[in-house]
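**Q** If you want the building blocks of each chain, they are given just below.
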Amino acid sequence: MNFDDTPEEAAYREQVRTYIADHRDQLISVGDGARREGDLTRARESQRVMYEGGYVGITWPKDVGGQGGSPMQQAIVDQELGKAGVPGHVGLIGIGMCGPTVISHGSDDQKQRYLKRLLSCEDIWCQLFSEPASGSDLAALRTRAVREGDSWRINGQKVWTTLAQYADYGILLTRTDPTLAKHKGLTMFVVDMKAPGVTVRPLRQMSGSAEFNEVFFDDVIVHDSERLGEVNDGWRVGLTTLMSERLTLGGGGGEMGISGGTAASFIASQIGSLSEDRQALVRQDFGRVWTQLLATRYTGYRLLSAISKGAMPGPEASAGKLAGTKAGRQLADLAVRVSGDGGVWFEGPWQASQAGLPGLAIAGGTDEVLRNVIGERVLGLPPEPRADKGLSFEESVKL
Amino acid sequence: MNFDLSDEQRALASAARDFFSKAASPADSRAALEDGSPLAPGLKAVADTGFHAILQEGGTVLDLSVVATEAGRVLSAPSIAGFGRVSVLDPTADLTAGVSVVDAGPALDAATATVFYALRDGQLVRGAGTVTSGPPLDPTRGLADVTLTEVTPIDGADRWEHALRVGQVLLAAEDLGTAERAVEIGVQYAKDRKAFGRAIGSYQAVKHSLVNAFVGVEQLRSLAWWAAWAADENPAELPLAAAAVKGLAATVLEQATETLIQVHGGIGFTWEHDAHLYWRRAKVDRFLLGDDVEAYDTVARLSLV
Ligand SMILES: Cc1cc2nc3c(=O)[nH]c(=O)nc-3n(C[C@H](O)[C@H](O)[C@H](O)COP(=O)(O)OP(=O)(O)OC[C@H]3O[C@@H](n4cnc5c(N)ncnc54)[C@H](O)[C@@H]3O)c2cc1C
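Chains A and B supply the protein sequences, listed in that same order. Here our numbering is used: the first residue of the first sequence is 475, the next is one more, and so on. Here our numbering is used: the first residue of the second sequence is 237, the next is one more, and so on.
Next comes chain B alone, as it looks inside the complex (with noise of 0.2 Å):
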């Protein structure tokens, strides 16, 4: 047993990181939220890097994974969850056209895509469609309603399940990423701010919130390798995986920026700090491909035979 990514894993992790961290920032998520400004990195600067096509070229959804981490740690868009999954629906798909997949409700990445997929009658379709946004909650995540207009049936609805469940696992990957940076933001704060002569993080209710958040954090960090792997290698223990995996995102993610705001005090309830920017994360990732109410029970069915 060697649960522990590669060096070249360790590599591309760093690389990544390189890239988002300079490509994409809150800030980009704030202007969108504000004037509706273009998303960051956007399509054509990702795909320059030929991180959205790494399933494509050979490589593993744990590859990808390691990518979508770096991404969530700057709210990044578009998903990196959406091109593992259009990936395994339609392999040789111009993932630079902008894609989208429809599920029942708005679909991730759906406002600036050209191509959308579905599943319509057990058949998997692919065509144009058109979109309708609501006010956005995360405004990185590029949510809409999609009204499908011309569409062609084509081969890959046997596909359609592992795909969601990829997409399940990158989107946890790239829930990592953000609450990990959201705990690092949190416990910066907490050596800096003092409160009545001392640093509030030496106060124990403010230490032991950060330290819940953070094991958070290393849970889903093992369940998110976990995951990626059994896609790769033991489709047999995806589902249980995807699933746990899925619900275990939702809840860390909402307590890492949850606690994150509490640790800022008022500050940290402001429009002009970035906190409410992570937090939005929480808040709507936790629905998209599936809730987490619904990956819980996943679990449970799995588990109590």
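This is chain A alone, in the form it adopts within the complex (with noise of 0.2 Å):
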């Protein structure tokens, strides 16, 4: 056990952090809003400078724009930007979860044409699966892709869909067959955000601002050559997409939603102001919650360690999703507590974090699917029984 660089790492880091700081007023800063700005420019430019120096989509083969490069490689980018408060690229989404699911299952036409404009920002990439009646049972998904020719005709819709009003590309899944099993008669393509027909309509969520939107699908046309995988095997090649999506999202040590170490000082720096005994219960709170988020950091660090064996992340990755999620929201909650009388105007990074951070325990699995899966895959306990089981998809939307 060691928790220090070998050569090599530490050769990269050194690298990695002499590139970010000869860039570093080309890339974007935490809470400096450019995520959120009209046109992203910004945001994309500072994914692209990343991309130029060989620092997006290293662990992505070469053949299709990425380096080649470890998981530890990774995580070592990952931890160089966060400390240099450069906040995850607008492309995450693409980078993470649609761009390995065109690697595995795309044609190498496809891998050509978008991979590396992906890597660069040139386009964005959104995930095009929740429905209105299919968040956590997504198999129950209704869009429809029906076959013409060489081409299917999409009608339908989509929601939840985070940076869609940016997007260039997204992942879609839809039903082909609905007189299969629910999760049988699924099929995934590649579609164009400026398609005739996409409607993109931004949402505003519980903060106020807008990341996610609704996508309405009306006779959209969708070339065969962009279908992801087999027809009717979208259910497999979405497993890929939500794989990768674990590991971006409960791997590496990373921190949940929040900046822990500047809650931590933002808290530090009010706590003088309060009464002795309100110190002692703050500090209670706090010791409790840091120490949630120092285990999720370690087990983080071994769920890193595992894939840089060569384990793939199993369903046990999402306990640290879990758990840091909870104590992200409850360091937010006890910052925004200390803030005084403030704390009643929506103001300042902690309001606005304890108003995104409910977010994090629904988007990517809710907390209680997760347990569900952890429960059933990793403690081997017994499903609930199903009320669609062995029925076919139009024989299951009658229940």
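Hints in this document: simulated from the structure, not taken from any laboratory. Don't be surprised by glycine CBs; every beta carbon is placed ideally from N, CA and C. Errors might be hidden in some of the hints.
[Claimed, not checked] List time: in silico SDA-like cross-link candidates among lysine to any residue, alpha-carbon distance up to 25 Å:
1) K863/A / P262/B
2) K427/B / R860/A
3) K783/A / E483/A
4) K863/A / D428/B
5) K585/A / L713/A
6) K557/A / D642/A
7) K590/A / D698/A
8) K783/A / A247/B
9) K427/B / K585/A
10) K557/A / Q489/A
11) K863/A / A247/B
12) K519/B / Q758/A
13) K783/A / E469/B
14) K557/A / V541/B
15) K427/B / P262/B
16) K872/A / S604/A
17) K863/A / E469/B
18) K427/B / V847/A
19) K783/A / A249/B
[To be verified] Stretch by stretch, here's where chain B covers chain A in the computed footprint (C-beta under 8 Å, at least three residues):
20) 510-519
21) 756-766
22) 777-788
With the hints as a guide, bring the two chains together.
**A** Right, here's the structure in full:
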């Protein structure tokens, strides 16, 4: 066991650090609003600069524009960006979820056309899975794709689609055969978000900002060459996406939606103005939350070490997400609490965190769904009986 | 970075599991509770394995902590934490004599100890003492109030803090094993027991409480390894790591053992069932070597700067 870089890792870290320092003025900063600006020019530029240095798509194969590097190198880049106060790339959903799906299931032509532009942020991608009637129960989705010669005609609606308002492409999960069991009749496509018939409507979140959207498909025509994987094999293709998502959201010892160090400094700066009794209470709360955040970080390191030795991120990776999300929310809440009378105004970064973090317990699998997955796949507990078992999709929607 | 046990440490853990799973069980804890039967495996049996002297023989705190986790699974006595703490305080101590370190309040492993250590006016002392015990909540911890009789000053006061932290790290490693075992037993029962025509583990209320306990165990494992590593390799991180793991061990073990009782329903509340023996550990260990409230306060004091 050791937490030191190997000589190769240390050399790589030095190289990354130098690159970031040399290009710092072209990179965006946490809290500078660049990820919400009109056309995202600065956020895209920031990712492009890192791509040109060879620091985006690090674990991707070289022939699609990646670096053929290791998960550890990816973690080093993430850590150094974090230390420099650079937030996650605006193309994270493409890099972490859509891209790996195209790599695993796309044609050579798709890989050549899409992947380099995705990494350099010439194109932004989104993930079009959830629908009004199918979130946790993803396989119940209704958006229809019907074959017409060498194309498909698509009708339906997606919702909660992060960054769809800026996206150039999306990976779209559709139903192609409603007579089969619900997860058997699905097919995945790459869709051009600027195609005729695609309408994107931003949805305002509880924090007030609009990062996710509803997306309507009205007779959108997608060529068969944009299919990912076989017809009616979309569930398996989607599992690649969800597994990559697990790695992007659960692993590596990164922080869960809040900069813990910044929150701790803020609480430290406020605590002196409280009464002694209150100080003791705040320390007790903070100590418990901070301990959980430390444990989440080291659980992430365990996962990263396992992945470095070739293990796939299993469902146990979700344990870190469950614990980290909860602790992150408690930390933001504590930061608001020590703000004094100002705690009632919606201003400052901790109010924004407090109103943004509930989404983390829903996105990427709700806490409840993750507990089902861990309970059934890690602990081996029996699943709940399902009312739709053995039914075709058509039959199941009548339940 | 490589945050994992080595092959040697895994082999050590497996040897320790072989030994402890045969040499002690909750039945011994029950017998001690009922009629004061001797603790298991007991000093002599543990000393025969050499596990007690891992630190004295040049092993690491991490090595000893993987043994501690296996000991925790079967509620083994005497504590591995005690051996570790004394090894740091007094590197040439005769651990087979029965050793105990006396802080304020009842001392761990004191009931059967013959050699006691304490800090008196900034001086480390060693010697004899007399012991008195109350009715035990968890008999396996050998707790007793100690009155020191004849003591002599020895070197090592400068090692006091470090030894205490090593003890906290090892106690937490024992608690990790106890919590891990409690979750295993609960999961097994949830697979076997049926209600309303299905296994109770298929009900989410049951499943999710077991998962919450499991997540706690995995979080604790991460801190237990890190803290043991810090004790060996990075003393600057040890004060934070020891406090964090001490606090989390109390929280996680309490959650795991209360879940164990709840998942079992009525049978879990009986004297005959083992659940309360694990629960007794939780309710006692949280107070040993400084309590969880103090540990979390320390985490905050060290981190809010
Ligand atoms: C910030 C944010 C960003 C998102 N971005 C995207 C995106 O980019 N692309 C995309 O496709 N989707 C996205 N989503 C959608 C997300 O994946 C879904 O919201 C999520 O899967 C839950 O689905 P739902 O909203 O339909 O809730 P439901 O599935 O209706 O769940 C409602 C409640 O019921 C509980 N529940 C449901 N089923 C079970 C069960 N079997 N056992 C126990 N409890 C259950 C849930 O836990 C929840 O508490 C995003 C969501 C959020 C909040």
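**Q** Against this structure, judge whether each hint is valid.
**A** Consistency of the hints with the structure:
no., hint, verdict
1, K863/A / P262/B, "violated, 42 Å"
2, K427/B / R860/A, "holds, 18 Å"
3, K783/A / E483/A, "holds, 15 Å"
4, K863/A / D428/B, "holds, 23 Å"
5, K585/A / L713/A, "holds, 19 Å"
6, K557/A / D642/A, "violated, 30 Å"
7, K590/A / D698/A, "holds, 22 Å"
8, K783/A / A247/B, "holds, 19 Å"
9, K427/B / K585/A, "violated, 46 Å"
10, K557/A / Q489/A, "holds, 15 Å"
11, K863/A / A247/B, "violated, 45 Å"
12, K519/B / Q758/A, "holds, 19 Å"
13, K783/A / E469/B, "holds, 23 Å"
14, K557/A / V541/B, "holds, 18 Å"
15, K427/B / P262/B, "holds, 22 Å"
16, K872/A / S604/A, "holds, 20 Å"
17, K863/A / E469/B, "violated, 54 Å"
18, K427/B / V847/A, "holds, 16 Å"
19, K783/A / A249/B, "holds, 21 Å"
20, 510-519, "violated (count 0)"
21, 756-766, "holds (count 9)"
22, 777-788, "holds (count 5)"
In summary, the numbered hints that this structure violates are 1, 6, 9, 11, 17 and 20.
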